[in-house]
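Colleague: Residues per chain are reported as follows:
Protein chains: 2
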Amino acid sequence: MSKPGKDIKITEVCLRDGSHSVAHQFTEQQVRDVTRALDDAGMHYIEVSHGDGLGGSTIQYGRSLVNELKLIAAAVEEVKQSKIAVLLLPGIGTVHELKEASKCGAKLVRVATHVTEADVSAQHIHMARELGMEALGFLMMAHSAPVEKLVEQAKLMESYGAEAVYVTDSAGALLPHEVRERIRALRESLDIEVGFHGHNNLSVAVANTLAAIEEGATRIDGSVRCLGAGAGNTQTEVLLAVMERMGYDVGIDLYKMMDLSEEVVGPIIPGSQEIKKGSLALGYAGVYSSFLLHAERAGNKFGIDPRDILIELGKMKVVGGQEDMILDVAANLSKKQTVEA
Amino acid sequence: MSKPGKDIKITEVCLRDGSHSVAHQFTEQQVRDVTRALDDAGMHYIEVSHGDGLGGSTIQYGRSLVNELKLIAAAVEEVKQSKIAVLLLPGIGTVHELKEASKCGAKLVRVATHVTEADVSAQHIHMARELGMEALGFLMMAHSAPVEKLVEQAKLMESYGAEAVYVTDSAGALLPHEVRERIRALRESLDIEVGFHGHNNLSVAVANTLAAIEEGATRIDGSVRCLGAGAGNTQTEVLLAVMERMGYDVGIDLYKMMDLSEEVVGPIIPGSQEIKKGSLALGYAGVYSSFLLHAERAGNKFGIDPRDILIELGKMKVVGGQEDMILDVAANLSKKQTVEA
Chain R
1 MSKPGKDIKI TEVCLRDGSH SVAHQFTEQQ VRDVTRALDD AGMHYIEVSH
51 GDGLGGSTIQ YGRSLVNELK LIAAAVEEVK QSKIAVLLLP GIGTVHELKE
101 ASKCGAKLVR VATHVTEADV SAQHIHMARE LGMEALGFLM MAHSAPVEKL
151 VEQAKLMESY GAEAVYVTDS AGALLPHEVR ERIRALRESL DIEVGFHGHN
201 NLSVAVANTL AAIEEGATRI DGSVRCLGAG AGNTQTEVLL AVMERMGYDV
251 GIDLYKMMDL SEEVVGPIIP GSQEIKKGSL ALGYAGVYSS FLLHAERAGN
301 KFGIDPRDIL IELGKMKVVG GQEDMILDVA ANLSKKQTVE A
Chain Y
1 MSKPGKDIKI TEVCLRDGSH SVAHQFTEQQ VRDVTRALDD AGMHYIEVSH
51 GDGLGGSTIQ YGRSLVNELK LIAAAVEEVK QSKIAVLLLP GIGTVHELKE
101 ASKCGAKLVR VATHVTEADV SAQHIHMARE LGMEALGFLM MAHSAPVEKL
151 VEQAKLMESY GAEAVYVTDS AGALLPHEVR ERIRALRESL DIEVGFHGHN
201 NLSVAVANTL AAIEEGATRI DGSVRCLGAG AGNTQTEVLL AVMERMGYDV
251 GIDLYKMMDL SEEVVGPIIP GSQEIKKGSL ALGYAGVYSS FLLHAERAGN
301 KFGIDPRDIL IELGKMKVVG GQEDMILDVA ANLSKKQTVE A
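From first to last, the protein sequence lines stand for chains R and Y.
The opening residue of the first sequence carries number 1 in the UniProt record's numbering; numbering runs sequentially from there.
The opening residue of the second sequence carries number 1 in the UniProt record's numbering; numbering runs sequentially from there.
Hints in this document: simulated from the structure, not taken from any laboratory.
Among the hints, erroneous ones may be present.
For chains that are exact copies, the list does not tell them apart, and a pair is met inside one copy or across any two.
List of simulated lysine-lysine pairs, DSS-like, C-alpha gap at most 27 Å [what the hints assert, rightly or not]:
{"hint": "1", "residue 1": "301", "residue 2": "256"}
{"hint": "2", "residue 1": "9", "residue 2": "315"}
{"hint": "3", "residue 1": "99", "residue 2": "277"}
{"hint": "4", "residue 1": "315", "residue 2": "6"}
{"hint": "5", "residue 1": "277", "residue 2": "103"}
{"hint": "6", "residue 1": "80", "residue 2": "301"}
{"hint": "7", "residue 1": "336", "residue 2": "80"}
{"hint": "8", "residue 1": "301", "residue 2": "9"}
{"hint": "9", "residue 1": "276", "residue 2": "315"}
{"hint": "10", "residue 1": "301", "residue 2": "336"}
{"hint": "11", "residue 1": "6", "residue 2": "155"}
{"hint": "12", "residue 1": "256", "residue 2": "6"}
{"hint": "13", "residue 1": "276", "residue 2": "256"}
{"hint": "14", "residue 1": "6", "residue 2": "103"}
{"hint": "15", "residue 1": "277", "residue 2": "256"}
{"hint": "16", "residue 1": "277", "residue 2": "149"}
{"hint": "17", "residue 1": "277", "residue 2": "9"}
{"hint": "18", "residue 1": "107", "residue 2": "9"}
{"hint": "19", "residue 1": "301", "residue 2": "335"}
{"hint": "20", "residue 1": "277", "residue 2": "80"}
{"hint": "21", "residue 1": "335", "residue 2": "256"}
{"hint": "22", "residue 1": "99", "residue 2": "149"}
{"hint": "23", "residue 1": "256", "residue 2": "317"}
{"hint": "24", "residue 1": "335", "residue 2": "99"}
{"hint": "25", "residue 1": "99", "residue 2": "256"}
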């Protein structure tokens, strides 16, 4: 009997989620070097896109140094065995960008929506299938919805033709037992594969990913050196070492991954992915990283600890785009404080 | 009913294990500032010693900038509620240093031995009790012995008068299920408290600590900002955030811990505690950090990947002081390679 793990596919996201860590300033040479090294190590999928997905290069989300289609095409040129994947958030990217990415040679797309808004993914998933791409669904901020809601939304994505759905812990807010519960529920309810994408804000990204794998998740994301938004992602080379220790064999060369982390990715990264006060507060509160600066400003204005604002926003399950609510929350907390005092 | 967690005591080790991260160059002012902030946050115990314990300031282990007794006395002056703890490795430190630390006001000592050598801790535990100190046992490299051996050695420490015994994951090599198994076995066999000290080489220090707590460990170590040997320790402020999320209340102020991490400890640390190639290799192989440089040298000499040497040393359960075996291992691997080729 072969070792377990052969059915697990790893997607390396350091050239997409990691794009946040370098303010979207990856050069074409860097993308080529990292892709070539990952391909040589046997990585299954390599995601290349703006940090916020196709079409994300805007004033609002941050301009990319190099057009992402150019980066995708460059990555495609470098691979012998890995497949190049892209991320698409409907509303930021459109079917137009998806077609372009497909022309450049991208073989897989993850169509990402907020955990309660799977319905906006229908046409993009359909189009990806028409284009002959693998189409997977990405349910972001998965911690913020009840499990039944998550299952309902995943089923929608399955009905549109998604070949897998991910539990996407965008805020790094899930704990291992919560991941376990979510993956188990999806595995029981779906006929397609289930995946997990973690962030390390609470320092449990590797443990969460192990929990997901134990519950049967077969699509797993990692990022070399944790490169990614917030406190960064599940550190790929560490995850692979732990998986080897646990007897899983996914067919990726651990030593080569360790080497490229040190020699190819290491020199690119501007700072380290430590868990600092801000990213910890985000994971603890379970809110988007874009809220942090707003909460700090509102806290200053109303004399409220920004963490209390973040926690309140987390409870209210405020989503991206609702940043104007942050001042209201701060004002209310301030009023409450005055009454209590 | 009060929330769970009241019986859990946290020991902050950033001024002891973290001493490795600053090459033992803590100034008295830094120790005072960090101690005062930790005390104000309600930390239970603060360990202050050379990274290798009392008496560690030598050419071999690295000279401290300031005499540790002076640092201990300074820390004692700063605390209103926290207790100052020290670490003692018999062989590096002696009962003489223990008496001096007690005179300076240290209230607790962890007497640390290799997991198979608890017998060398007897006189130090006895002396600590005579001095009126809390005396706890620290079984280092706990991953490297079978569970029965660990239990046997912990019972020895209990018989000497230790009031708790720690599973000490010195190499950051344990995985959550392995921690669970060890803590459970000790809880079933001992009448005293059980503790856990983690390292983050495999990125599971927080998850390991949670597993230990769930199995009933009540003495828990953390280090602010992960400051410590190897990839650093369980990050205290992150652990506390996760514990709050899980409903544990240990009576330490989370916000104050987050603030001191950023404002008091942050400015001191020379680099970040990322998981890099070297520390990952150590955790994966389960060997002491002091082996890394030797393995790299031996690898160069014999044309062997240093990681293969570390893994072999881990299998052989080589301990500190047996560094001369590293060349033999490299030579043997090289011979084997030649035969196979």
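Colleague: Determine for every hint whether it applies to the structure shown.
Modeller: These are the hints, each one checked on the structure:
In this assembly of identical chains, residue 301 and residue 256 lie within 27 Å of each other by CA distance solely across copies; the values are 21 Å between and 50 Å within a copy. Taking CA atoms no more than 27 Å apart as the test, residue 9 paired with residue 315 passes in neither setting, with 34 Å inside one copy and 29 Å between copies. In this assembly of identical chains, residue 99 and residue 277 lie within 27 Å of each other by CA distance neither inside one copy nor across copies; the values are 40 Å within and 39 Å between. Only between protomers do residue 315 and residue 6 lie at most 27 Å apart by alpha-carbon distance; the minimum there is 26 Å, versus 40 Å within a single protomer.
Proximity of residue 277 and residue 103 under a CA criterion of 27 Å is satisfied in neither setting, with 42 Å inside one chain copy and 37 Å between copies. Taking the closest pair of Cα atoms, residue 80 and residue 301 never come within 27 Å of each other, the shortest separation being 55 Å inside a single copy and 34 Å across copies. Proximity of residue 336 to residue 80 under the C-alpha cut-off of 27 Å is found in neither arrangement, the shortest distances being 61 Å within a copy and 32 Å between copies. Taking the shortest alpha-carbon separations for residue 301 and residue 9, neither the intra-copy value of 47 Å nor the inter-copy value of 38 Å comes in at or below 27 Å.
For a Cα distance limit of 27 Å, the shortest separation of residue 276 from residue 315 inside one copy, 22 Å, qualifies, whereas the shortest one across copies, 36 Å, does not. Taking CA atoms no more than 27 Å apart as the test, residue 301 paired with residue 336 passes inside one copy only; the shortest distance there is 15 Å, against 69 Å between copies. With identical chains, the CA atoms of residue 6 and residue 155 are at most 27 Å apart within one copy only, with a shortest distance of 26 Å there and 43 Å across copies. Proximity of residue 256 to residue 6 under the C-alpha cut-off of 27 Å is restricted to the intra-copy arrangement: shortest distance 19 Å within a copy versus 46 Å between copies.
Taking CA atoms no more than 27 Å apart as the test, residue 276 paired with residue 256 passes between copies only; the shortest distance there is 13 Å, against 29 Å inside one copy. For a Cα distance limit of 27 Å, the shortest separation of residue 6 from residue 103 qualifies neither inside one copy, at 30 Å, nor across copies, at 60 Å. In this assembly of identical chains, the alpha carbons of residue 277 and residue 256 lie at most 27 Å apart only when taken from different copies (11 Å versus 33 Å within one copy). When the C-alpha separation of residue 277 and residue 149 is checked against a cutoff of 27 Å, the pair qualifies neither within a copy, at 31 Å, nor between copies, at 40 Å.
For the homomeric pair residue 277 and residue 9, the shortest alpha-carbon distance between copies (23 Å) is at most 27 Å, but the shortest distance inside one copy (33 Å) is not. Within a single copy, residue 107 and residue 9 get their C-alpha atoms as close as 14 Å, which meets the 27 Å cut-off; across copies the closest is 52 Å, which misses it. Taking the closest pair of Cα atoms, residue 301 and residue 335 come within 27 Å of each other only inside a single copy of the chain (13 Å); across copies the shortest separation is 70 Å, beyond that limit. Proximity of residue 277 and residue 80 under a CA criterion of 27 Å is satisfied inter-copy only: 25 Å between copies versus 41 Å inside one chain copy.
Taking CA atoms no more than 27 Å apart as the test, residue 335 paired with residue 256 passes between copies only; the shortest distance there is 23 Å, against 57 Å inside one copy. For the homomeric pair residue 99 and residue 149, neither the shortest alpha-carbon distance inside one copy (31 Å) nor that between copies (62 Å) is at most 27 Å. Taking the shortest Cα distances, residue 256 and residue 317 sit within 27 Å of each other only across copies (26 Å), while inside one copy they are farther apart (41 Å). With identical chains, the CA atoms of residue 335 and residue 99 are never at most 27 Å apart, being 51 Å at best within one copy and 55 Å at best between copies.
Taking the shortest Cα distances, residue 99 and residue 256 never come within 27 Å of each other, neither inside one copy (33 Å) nor across copies (50 Å).
Hint compliance for this structure: hints 2, 3, 5, 6, 7, 8, 14, 16, 22, 24 and 25 are not met, and every other hint is.
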